[in-house]
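Q: Sequence:
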Amino acid sequence: MLDLGFVRDNIDVVKDALEKKGTSAPIDEFEDVDHKRRELIQKVEQLKQERNESSQKIGELKREGKDEEAQEIIDRMQTVADEIKELDEQVKKYNQRLEEIMLQLPNIPQDDVPLGEDESDNVCVKTWGEPREFDFSPQAHWDLGVNLDILDFEKGAKVSGARFTFLKRAAAKLERALIDFMIDVHTKEHGYEEVFPPFMVHEKSMYGTGQLPKFAEDSYKVEDTDYYLIPTAEVPITNMYREEILDKEDLPIHHVAYSACFRAEAGAHGRDTRGIIRQHQFNKVEMVKFVEPEKSKEEFEKLVENAETILQKLELPYRVMDMCTGDLGFTAAKKYDLEVWMPSYDTYREVSSCSNFKSFQARRAEIKYRPEPEANTKHVHTLNGSGLAIGRTVAAIMENYQTEDGEIVIPEVLKNYMGGREKITYQK
RNA sequence: GGAGAGGUGUCCGAGUCCGGUUUAAGGAGCUCGCCUGGAAAGCGAGUAAGGGUUAACGCCCUUCGAGGGUUCAAAUCCCUCCCUCUCCGCCA
Numbered sequence: 166m167l168d169l170g171f172v173r174d175n176i177d178v179v180k181d182a183l184e185k186k187g188t189s190a191p192i193d194e195f196e197d198v199d200h201k202r203r204e205l206i207q208k209v210e211q212l213k214q215e216r217n218e219s220s221q222k223i224g225e226l227k228r229e230g231k232d233e234e235a236q237e238i239i240d241r242m243q244t245v246a247d248e249i250k251e252l253d254e255q256v257k258k259y260n261q262r263l264e265e266i267m268l269q270l271p272n273i274p275q276d277d278v279p280l281g282e283d284e285s286d287n288v289c290v291k292t293w294g295e296p297r298e299f300d301f302s303p304q305a306h307w308d309l310g311v312n313l314d315i316l317d318f319e320k321g322a323k324v325s326g327a328r329f330t331f332l333k334r335a336a337a338k339l340e341r342a343l344i345d346f347m348i349d350v351h352t353k354e355h356g357y358e359e360v361f362p363p364f365m366v367h368e369k370s371m372y373g374t375g376q377l378p379k380f381a382e383d384s385y386k387v388e389d390t391d392y393y394l395i396p397t398a399e400v401p402i403t404n405m406y407r408e409e410i411l412d413k414e415d416l417p418i419h420h421v422a423y424s425a426c427f428r429a430e431a432g433a434h435g436r437d438t439r440g441i442i443r444q445h446q447f448n449k450v451e452m453v454k455f456v457e458p459e460k461s462k463e464e465f466e467k468l469v470e471n472a473e474t475i476l477q478k479l480e481l482p483y484r485v486m487d488m489c490t491g492d493l494g495f496t497a498a499k500k501y502d503l504e505v506w507m508p509s510y511d512t513y514r515e516v517s518s519c520s521n522f523k524s525f526q527a528r529r530a531e532i533k534y535r536p537e538p539e540a541n542t543k544h545v546h547t548l549n550g551s552g553l554a555i556g557r558t559v560a561a562i563m564e565n566y567q568t569e570d571g572e573i574v575i576p577e578v579l580k581n582y583m584g585g586r587e588k589i590t591y592q593k
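Position in the first sequence (first residue = 1) + 165 = our numbering.
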């Protein structure tokens with residue numbers, strides 16, 4: 166959510182952001198609703214002041230035994246009470262409408278975000294590593310996985326339906342190994358504190374991070390409860406500090422968490438139907454930061470580097486994409502995607518998305534801090550990034566590390582995590 | 001799921017039976033000032049958030065877990081819900 170005063174004073178900036186992000190919101194209504202709301206508040210508050218003063222007077226008169234005088238005021242105040250009730254209802258309506266409008270306004274893109282409409286306008290700012298030249302015809306991970314009998318799509322479909330997969334033996338272990346490895350790197354080398362969050366949250370938390378109200382159709386709601394399955398660990402972790410005023414000394418807060426993620430992926434029908442790239446449930450290691458506004462740019466660059474480190478240690482070729490305005494999403498002011506080389510697609514595919522939300526999420530979730538002992542509170546900046554998506558990393562390892570006879574070499578850094586194993590081979 | 005107890009400001013804690021003198025006592029902590037060679041103690045002042053208004057100082061409104069109701073007036077009375085603690089049941 167944007168700051169109300171900011172929107173009031175910078176309506177053109179907001180309109181510009183809407184245009185750049187290729188989205189719309191009832192911004193034309195804003196001025197009218199905002200104005201009416203303030204007008205009503207002034208009226209009702211004046212009456213409330215009168216009521217407060219009269220109530221005190223009534224108390225005094227009653228104590229002095231001047232019941233008749235008191236009754237006179239009471240009679241008069243009955244009308245005032247009715248008026249207040251009426252006006253309060255109107256204020257409430259305008260508050261709700263204003264809130265609705267505010268919730269639909271997207272974050273303002275940072276100055277250096279490239280202009281563009283969609284994915285094709287994203288800018289590659291870095292490539293690392295060379296895609297491997299195969300002297301044989303490489304297999305896709307779904308073929309490798311089935312042939313090695315470590316991915317079972319049929320069983321996944323049988324038990325849960327499309328976009329669910331059983332990982333078996335070495336693949337299952339590789340999944341766990343990667344979670345462990347990534348969390349170890351982030352906690353030991355990058356200074357993040359690990360948390361293990363709830364995988365279900367209530368509605369308020371989904372609003373806090375901005376998944377609702379805009380993306381309801383992408384989320385799973387548990388029937389007959391108020392719970393949503395989390396689409397990312399970002400949701401529970403960011404909401405850990407919802408409606409809190411943090412001490413300056415507590416900042417920056419850096420958390421890393423493993424979680425399963427659940428996404429309905431409405432509208433993705435037909436995309437990436439094969440393999441484990443796009444599943445309704447996947448694992449992810451997520452980094453979340455709460456920082457002072459002045460430090461957020463620098464913290465963001467570090468966050469991206471932290472995610473990159475994982476790919477570098479795994480020796481997987483990747484590139485860094487600077488998301489254009491049209492592909493930024495609703496809540497981000499700046500976003501980089503890390504894309505790993507996938508031989509079967511003959512292109513790079515997203516394994517991490519790193520966003521700087523500035524104060525957008527913090528304002529919605531009411532996460533603040535006090536810059537100086539006597540100063541007013543300010544919203545923190547929140548940042549997050551995958552470090553990394555596990556399933557896609559598994560797929561990337563399978564494809565990039567495959568041998569001519571369909572086996573998979575374990576990346577050097579993972580060998581210890583895989584019980585000293587060098588290779589995944591077919592096992593009966 | 002059942003029974004009981006509770007939720008008050010940064011923290012502790014009074015007030016709730018019986019609505020008005022509490023626009024929340026008292027204490028602790030914290031900040032600033034006085035005192036001191038320095039410190040402690042002592043003394044004095046300050047000590048929330050959100051909103052409205054204002055050039056600013058300030059003034060005003062709202063908030064006692066949340067929401068609704070009764071009333072001229074609610075921390076206090078009524079209803080619904082949430083959370084915490086204790087015990088029981090169920091369960092990995």
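A couple of the hints might just be wrong.
Stated by the list, open to error - Pairs of lysine-lysine residues, derived as BS3-like cross-links and limited to a Cα-Cα distance of at most 25 Å, are as follows: (1) Lys593 - Lys333; (2) Lys379 - Lys533; (3) Lys353 - Lys467; (4) Lys208 - Lys185; (5) Lys580 - Lys462; (6) Lys222 - Lys185; (7) Lys580 - Lys338.
To be clear, the hints were calculated from the coordinates, so they are not data collected in a lab.
Q: Decide, hint by hint, whether the structure agrees.
A: To see whether the hints hold, each was checked on the structure:
no. : hint            : in the structure
1   : Lys593 - Lys333 : holds, 12 Å
2   : Lys379 - Lys533 : holds, 24 Å
3   : Lys353 - Lys467 : holds, 15 Å
4   : Lys208 - Lys185 : violated, 39 Å
5   : Lys580 - Lys462 : violated, 35 Å
6   : Lys222 - Lys185 : violated, 58 Å
7   : Lys580 - Lys338 : holds, 11 Å
The structure is inconsistent with the numbered hints 4, 5, 6, although it conforms to all the rest.
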